[in-house]
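Here's the letter readout for the chains.
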Amino acid sequence: MDSAQYAELFLTESREHVSAINHSLLELERGEGGAEPVGAIFRSVHTIKGMSATMGYGPVASLSHELETLLDRVRQGRRTIDPPLMDLLFRSADVLEGAIEAAVGGDATRVDVEPLVAALKADSARNGASGPAAGGARAGGVPAPSAPDVGAWTAAAPAGAGLLVRVRLATDTALKGVRAFLVVQAARALGEVTSCSPAVEQLQADEFDHDLALRLQTTRTAEEVEAALRTAGDVVEVRTGEDPVVTPSLSDTIADMGDTGEFSALSGAPARAPAGDGTSASGAVRQQRSVRIDLRRLDNLMNLIGELVITRGRLSQISVALNDPALAETVAQATRLVADLQDEIMTSRMVPVWQVFDRFPRLVRDAARSVGKSVDLVIEGKEVELDRSMLDEVGDPIVHLLRNAVDHGIETPDVRRAAGKPEQGRLTLSALRDRSAVAIRVSDDGRGIDRDRVLRRAIADGLVESTRTELTDEELLRLISRAGFSTAETITDLSGRGVGIDAVYNRVRALGGSVDIRTAPGKGTTVTLRLPLTLAIVRSLLARIGDETYAVPMTHVSETVELHPKILRTLKGREMLMLRDEVLPVMRLRQLMGYDGAPKRGLEQVVIVEMAERRAGLVVDDLIGQQEIVVKQFDGVREGLALFGGATILGDGAPALIIDVSSLL
Amino acid sequence: MSHTVLICDDAIFMRTMVGDILQQAGFEIVGEAETGVQAVEKYKLLKPDLVTMDIVMPDMGGIDAVREITKFDPSAKVLMCSAMGQQALVVEAIQAGAKDFVVKPFQPSRVLEAVQRVLG
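Which chain is which? The protein sequence lines are E and H, in order.
Residues in the first sequence are numbered consecutively from 1022, following our numbering.
Residues in the second sequence are numbered consecutively from 2, following our numbering.
Note that these hints are calculated values from the structure, not bench results.
Hints are not guaranteed to be accurate.
[Claimed, not checked] In silico contact screen, one side only, chain E against chain H (beta carbon under 8 angstroms); selected entries:
{"#": "1", "residue": "Glu1034"}
{"#": "2", "residue": "Arg1036"}
{"#": "3", "residue": "Trp1174"}
{"#": "4", "residue": "Gly1212"}
{"#": "5", "residue": "Gly1254"}
{"#": "6", "residue": "Leu1498"}
[What the hints assert, rightly or not] Calculated Cβ distances over 12 angstroms to all of chain E for the following chain H residues:
{"#": "7", "residue": "His4"}
{"#": "8", "residue": "Asp10"}
{"#": "9", "residue": "Gly27"}
{"#": "10", "residue": "Ile30"}
{"#": "11", "residue": "Asp50"}
{"#": "12", "residue": "Ser83"}
{"#": "13", "residue": "Val92"}
{"#": "14", "residue": "Lys100"}
{"#": "15", "residue": "Asp101"}
{"#": "16", "residue": "Arg111"}
{"#": "17", "residue": "Glu114"}
{"#": "18", "residue": "Ala115"}
[As the list claims (entries may be wrong)] Some chain E residues flagged as far from chain H (calculated, every beta-carbon gap over 12 angstroms):
{"#": "19", "residue": "Glu1029"}
{"#": "20", "residue": "Met1076"}
{"#": "21", "residue": "Thr1090"}
{"#": "22", "residue": "Pro1104"}
{"#": "23", "residue": "Lys1197"}
{"#": "24", "residue": "Leu1211"}
{"#": "25", "residue": "Thr1240"}
{"#": "26", "residue": "Ala1253"}
{"#": "27", "residue": "Asp1417"}
{"#": "28", "residue": "Glu1432"}
{"#": "29", "residue": "Leu1492"}
{"#": "30", "residue": "Gly1567"}
{"#": "31", "residue": "Met1597"}
{"#": "32", "residue": "Ile1629"}
By construction, the Cβ of each residue, glycine as well, lies at the ideal position given by its N, Cα and C atoms.
Looking at chain E on its own, in the form it has when it is part of the complex:
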């Protein structure tokens, strides 16, 4: 069978399992959940093992096999959970992930699993791995005994009454011990099995070559017995009747007698699976039924819906003109269907945030360990959904914020203890959905940002007036999000990698979102990212120039004011707007667009637009109101369209250009 078609499926499911493994490892490290995390990890590793073996991904299969063996020992309490074990398991999760990606990518040799496989084996060996319970190790690690010559029977003839039956299994029989058990079961269906060689425990433990012998008291004919036992599967030869030449030595006979067991011993023989082995409920492995769809397809669907909306607008107009009740009703129905379709397409682009959040606990743990801190990351609102491309884009900014909090927000354990705080810092990442936006919040209980230091630095740089004695949260944010702004200490270079909060700020704003920061000295810092649900739908302020409509994304609108002549000044030949104690440059959209003449009505309106720390007044003829619009991207930047980030179709079918505030400023 061509396995290639399954590679995609394998990758999707394996990634989910690796994510679940990391999740459970963190639980295990915190000592939560009792035996359940080990059971959950075991199940995930086991599933990966089965899938990778089927795919022929050798390195993944052998690694997961060794890992499973070790986990089985942990599960049975034969390997204690200590820091070296946790390190080994975390490392295993990383290498396993790499090996999975490499195998699917067609370059299985890129990740060398051998050192880790050796380390896992060494751990098992150090802690006394031998013993029947380590079934996985035996099955995979020890080669099966070489096949006997066909025709030679290795099992001693058991003593007792009944027909002697010898059965040989194929040399490539999988789980031959179980197969042998099925043979015995088949025999029991025909009569009474009085003895067996080797004994059942040994058969089950694969401790035999490929043949077994038993005594059967039955009324059936030899032919019937042979036929029945062959149905057990993998049986290549059945022979009934006493051996032609039986000359066992005395010692063999004694040993054989010792090996001869009663079948009643069977029922108690196999250990019941521990509770973690699939018998208890678990939410750790998330079930996600999915079809992978190229995002471009969804984008195309979104575009087509836009076209459909235009057509629907025209259709409505025609319908009104014709004044036909049947047509009007049909158009109304089509309108509802189009709206539903639009909703469905939007929804199909939404994915729960845990798809990205799930890697953060591990990231925070590693980051905290590297700087000698102890941090507890709490994630809330995992199921909140966000547009797939939005989620991808926002991952990096969140990583920055988390690193910032670990590196600079949360104090070292001794500092915290001295301040009367718990030694372990608390970091909360939450996602919250409200009507048309998702708020993602990163909150720590660390030292907070030093406002005075920021203020002194800002005064020194001439960014605020020297008479100021304190900063508002908004001013603080605007200051620390300036590229290159820094105080003597690492206040803005928060991530420790030379990327400050300005990168976060600009990224989020580019996505149509906003950033809010709240900080209290000694109590901690909370950064809130507000993001639209999707990149394709933007809440916008609609403005008018002449008969044309323009849209300004609301994320860039700070407020609107009427353009009273008294708030206008001319400074150095440029028109400026006096807004309270702020002086803003004025941009007249009418002139930018090359319209002739003046607006018809009296007072124009000013939209105060902002982008990062830059603000300006955009003068328009009139304001229409706010509306959610579907963004249709241009195929490329065309001549004269640099000011626009796209276009939209309004409810009446008329097009409107969307102003790109970043290029305006």
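Go by the hints and put chain H onto chain E.
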């Protein structure tokens, strides 16, 4: 009339693969279950001719599911799907009423042989 099959495995990957093998051999896949609890429920609902059962599943493991199914229908034909290193569990499953087993990685011919044996 083709035989009906219920496939129980927590991995979509495995369900797809077993499903493909059986479908190509002319079987009708009437249902899939991803937990032991689902397997039992669906068995009672669908009464399939054959059940393929993974051993390690969340919620209720395959062995308990076999036990429940056999309790409901002593003539149920269940084929266990096992991995290497699960001898004891497979034996337990057979004692619980499973008729045969196949070992991952699956080879289509092996799976079909086992299915034929189970269906008699």
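Status of each hint after checking the structure:
{"no.": "1", "hint": "Glu1034", "verdict": "holds, 5 angstroms"}
{"no.": "2", "hint": "Arg1036", "verdict": "violated, 12 angstroms"}
{"no.": "3", "hint": "Trp1174", "verdict": "violated, 23 angstroms"}
{"no.": "4", "hint": "Gly1212", "verdict": "violated, 19 angstroms"}
{"no.": "5", "hint": "Gly1254", "verdict": "holds, 5 angstroms"}
{"no.": "6", "hint": "Leu1498", "verdict": "violated, 45 angstroms"}
{"no.": "7", "hint": "His4", "verdict": "holds, 18 angstroms"}
{"no.": "8", "hint": "Asp10", "verdict": "violated, 9 angstroms"}
{"no.": "9", "hint": "Gly27", "verdict": "holds, 16 angstroms"}
{"no.": "10", "hint": "Ile30", "verdict": "holds, 16 angstroms"}
{"no.": "11", "hint": "Asp50", "verdict": "holds, 18 angstroms"}
{"no.": "12", "hint": "Ser83", "verdict": "violated, 7 angstroms"}
{"no.": "13", "hint": "Val92", "verdict": "violated, 5 angstroms"}
{"no.": "14", "hint": "Lys100", "verdict": "violated, 9 angstroms"}
{"no.": "15", "hint": "Asp101", "verdict": "violated, 6 angstroms"}
{"no.": "16", "hint": "Arg111", "verdict": "violated, 8 angstroms"}
{"no.": "17", "hint": "Glu114", "verdict": "violated, 7 angstroms"}
{"no.": "18", "hint": "Ala115", "verdict": "violated, 6 angstroms"}
{"no.": "19", "hint": "Glu1029", "verdict": "violated, 10 angstroms"}
{"no.": "20", "hint": "Met1076", "verdict": "violated, 8 angstroms"}
{"no.": "21", "hint": "Thr1090", "verdict": "violated, 8 angstroms"}
{"no.": "22", "hint": "Pro1104", "verdict": "holds, 27 angstroms"}
{"no.": "23", "hint": "Lys1197", "verdict": "violated, 9 angstroms"}
{"no.": "24", "hint": "Leu1211", "verdict": "holds, 15 angstroms"}
{"no.": "25", "hint": "Thr1240", "verdict": "holds, 21 angstroms"}
{"no.": "26", "hint": "Ala1253", "verdict": "violated, 8 angstroms"}
{"no.": "27", "hint": "Asp1417", "verdict": "holds, 30 angstroms"}
{"no.": "28", "hint": "Glu1432", "verdict": "holds, 40 angstroms"}
{"no.": "29", "hint": "Leu1492", "verdict": "holds, 52 angstroms"}
{"no.": "30", "hint": "Gly1567", "verdict": "holds, 57 angstroms"}
{"no.": "31", "hint": "Met1597", "verdict": "holds, 63 angstroms"}
{"no.": "32", "hint": "Ile1629", "verdict": "holds, 52 angstroms"}
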